[in-house]
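Colleague: Listed below are the residues making up each chain.
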Amino acid sequence: MANDRGQTQAAVLIAAIILPHHKVTGSGQAFLVEAKDEEEQKKLTTELAKAVKGDVTRLSNGMYLVLRG
Amino acid sequence: MGERGPIIISTEDLWLIIIAAAMGTIARVLVLKVDYKQYPSYPNGCLIHVVLAFIAASIGAVAIPAVKSNNYTAVTFLALAIQHFRDVRKTERESLLGLEQTEYTPRGEAYIDGIAKTFEARNYLALVVALASAITMEVAIALQWGITIQVLAGVLIGTVVYQIISRFSKGKTVGDIASVRLAKIKVEGTEVSVEGIFVTNLAGTENAQRMIADEGVAVIIEPTQKNFTIALHNFGQRKAILFEATRTLGTKRYNFTRKDFEKGWVVILLVPIVRDDEKLLAVVKNTPLLESVKKSYAVLKPKVMGD
Numbered sequence: 023m024a025n026d027r028g029q030t031q032a033a034v035l036i037a038a039i040i041l042p043h044h045k046v047t048g049s050g051q052a053f054l055v056e057a058k059d060e061e062e063q064k065k066l067t068t069e070l071a072k073a074v075k076g077d078v079t080r081l082s083n084g085m086y087l088v089l090r091g
Numbered sequence: 042m043g044e045r046g047p048i049i050i051s052t053e054d055l056w057l058i059i060i061a062a063a064m065g066t067i068a069r070v071l072v073l074k075v076d077y078k079q080y081p082s083y084p085n086g087c088l089i090h091v092v093l094a095f096i097a098a099s100i101g102a103v104a105i106p107a108v109k110s111n112n113y114t115a116v117t118f119l120a121l122a123i124q125h126f127r128d129v130r131k132t133e134r135e136s137l138l139g140l141e142q143t144e145y146t147p148r149g150e151a152y153i154d155g156i157a158k159t160f161e162a163r164n165y166l167a168l169v170v171a172l173a174s175a176i177t178m179e180v181a182i183a184l185q186w187g188i189t190i191q192v193l194a195g196v197l198i199g200t201v202v203y204q205i206i207s208r209f210s211k212g213k214t215v216g217d218i219a220s221v222r223l224a225k226i227k228v229e230g231t232e233v234s235v236e237g238i239f240v241t242n243l244a245g246t247e248n249a250q251r252m253i254a255d256e257g258v259a260v261i262i263e264p265t266q267k268n269f270t271i272a273l274h275n276f277g278q279r280k281a282i283l284f285e286a287t288r289t290l291g292t293k294r295y296n297f298t299r300k301d302f303e304k305g306w307v308v309i310l311l312v313p314i315v316r317d318d319e320k321l322l323a324v325v326k327n328t329p330l331l332e333s334v335k336k337s338y339a340v341l342k343p344k345v346m347g348d
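Heads up: the protein sequence lines correspond to chains A and B, in order. Quick note, our numbering runs 22 ahead of the 1-based positions in the first sequence. Quick note, our numbering runs 41 ahead of the 1-based positions in the second sequence.
Same shape as in the complex, but just chain A:
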């Protein structure tokens, strides 16, 4: 996490952690991970966020995004 993350609005999407029912046609430069269930999705999200020192947001459709400012 950059020290000015709280100041700047820009964040880079590092990864998207999805479930089998999510349909993502393309993720651009972001890393796309498909988890088998919600439990694994949460676990993978935390592991990825820790690895890249990123922040996590959860979309209303259940998809998790790892971002870094």
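For the record, the hints were derived by calculation from the structure and aren't laboratory data. The reader is advised that the hints may include incorrect statements.
[Unchecked claim] Derived lysine-lysine pairs resembling DSBU-like cross-links, with alpha carbons at most 30 Å apart:
1. K211(B) with K75(A)
2. K72(A) with K227(B)
3. K158(B) with K227(B)
4. K65(A) with K75(A)
5. K211(B) with K64(A)
[Said to hold, decoys possible] A few chain A positions that, by computed beta-carbon distances, are all more than 10 Å from chain B:
6. V34
7. L35
8. H43
9. A57
10. A73
Yeah, the Cβ is synthetic: ideal placement off N, Cα and C, and Gly gets one too.
Starting from the structure of chain A, add chain B where the hints point.
Modeller: Relative to chain A, chain B alone:
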């Protein structure tokens, strides 16, 4: 070789230079202590600025005896001094910019610019106080007052000039134009808000939600007049406030500033290393209003005669 050279300086002039140089240096030392936020609290920083102040004060002190001895060209070193003080500003700016990545949050260019300008201005303070003392003592010599009266007059006028300049250059703080209070943080799923103002939705993990809910602290800054919002909402000003808050209390991970256009409020949210609400409120209130963001006359107006 054992003989001393001819005496080229009178006792009055010697006293004049000593008192004026001392007054200028003392003036600088006094502002070094008062403005703790913008000045180094570490020993080497203090030493550098006291020595610089002594040199600035000495230049101011010897200017009058130099003119009196028909050495008019000697006064041109005042221009040299100004160039030197500009270098002080540049050095300070570069030094603070170099430290940006090591801080919890960056000071920001606007805050650094203000601090660097203040460093330069404080050298002028030393020079002008010394010059004022020297002129006063020179007038006292011309009026054939005794040495004690000369010294007292120099000290008195030096003190008055110091008071005027230091009040003029002190500027205002966030607390002068806004009220600051603690606010309640609400974490709903991934969204974090403070008294209904959205702050972030980056609390996606349970760890983050727990940390912000349990350890987070938020303050709301409410401008006392609508037009003060312009200064408070400035990006550089908010950076400066967040910097002071995180420098004082540290920050574990999360720190945000948000502005609310409807109410004109500014929200500061952080997860501090040391929780001290009183200190947080005090440090936010005491954050200087940056010169570069002062847009209205009411904010710009210096407190020379007090409020």
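Colleague: Hints first: check each against the structure and report whether it holds.
Modeller: Each hint tested on the structure:
1. K211(B) with K75(A): Roughly 41 Å separates the two Cα atoms, so the pair is violated.
2. K72(A) with K227(B): Cα-Cα ~24 Å, so holds.
3. K158(B) with K227(B): violated (40 Å)
4. K65(A) with K75(A): holds (15 Å)
5. K211(B) with K64(A): violated (52 Å)
6. V34: holds (13 Å)
7. L35: Holds: least Cβ distance 12 Å, greater than 10 Å.
8. H43: holds (19 Å)
9. A57: holds (14 Å)
10. A73: At roughly 13 Å from the nearest Cβ of chain B, A73(A) sits farther out than 10 Å, so the non-interface label holds.
The structure fails to meet hints 1, 3, 5 from the earlier list, while all remaining hints are met.
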